[in-house]
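With the hints as constraints, model all of the structure from the sequences given.
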Amino acid sequence: MLERTHTVTSPWTVVRAGDKEHARLNIIRDVLWRLHYPGKHRRLHRPDPAVVFPYDKACYERGLIEA
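To convert a position in the sequence shown, counted from 1, into the numbering used here, add 33.
Watch out, some of these pointers could steer you wrong.
SDA-like cross-link-like pairs, simulated, lysine to any residue; straight-line CA separation at most 25 Å [what the hints assert, rightly or not]:
{"id": "1", "residue 1": "Lys-90", "residue 2": "Thr-46"}
{"id": "2", "residue 1": "Lys-53", "residue 2": "Leu-68"}
{"id": "3", "residue 1": "Lys-73", "residue 2": "Ile-61"}
In case anyone wonders, no lab produced these hints; they're calculated from the structure.
Okay, here's the thing in structure tokens:
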């Protein structure tokens, strides 16, 4: 499903959620990092790339996601 529906205009973002609290915080960071808004803090922490990352076919090969 991910491979068939992942497009440039509507890309998938994968969230590894073994630690639910850590995953939720990183999802919030990801959303805030992507948005452009007045007063955005320059030192906003980026989401952890081991937790939140863009989908890619190689995710299966690296064992980041399972089929």
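| field | Non-conforming hints, listed in increasing numerical order | value | none
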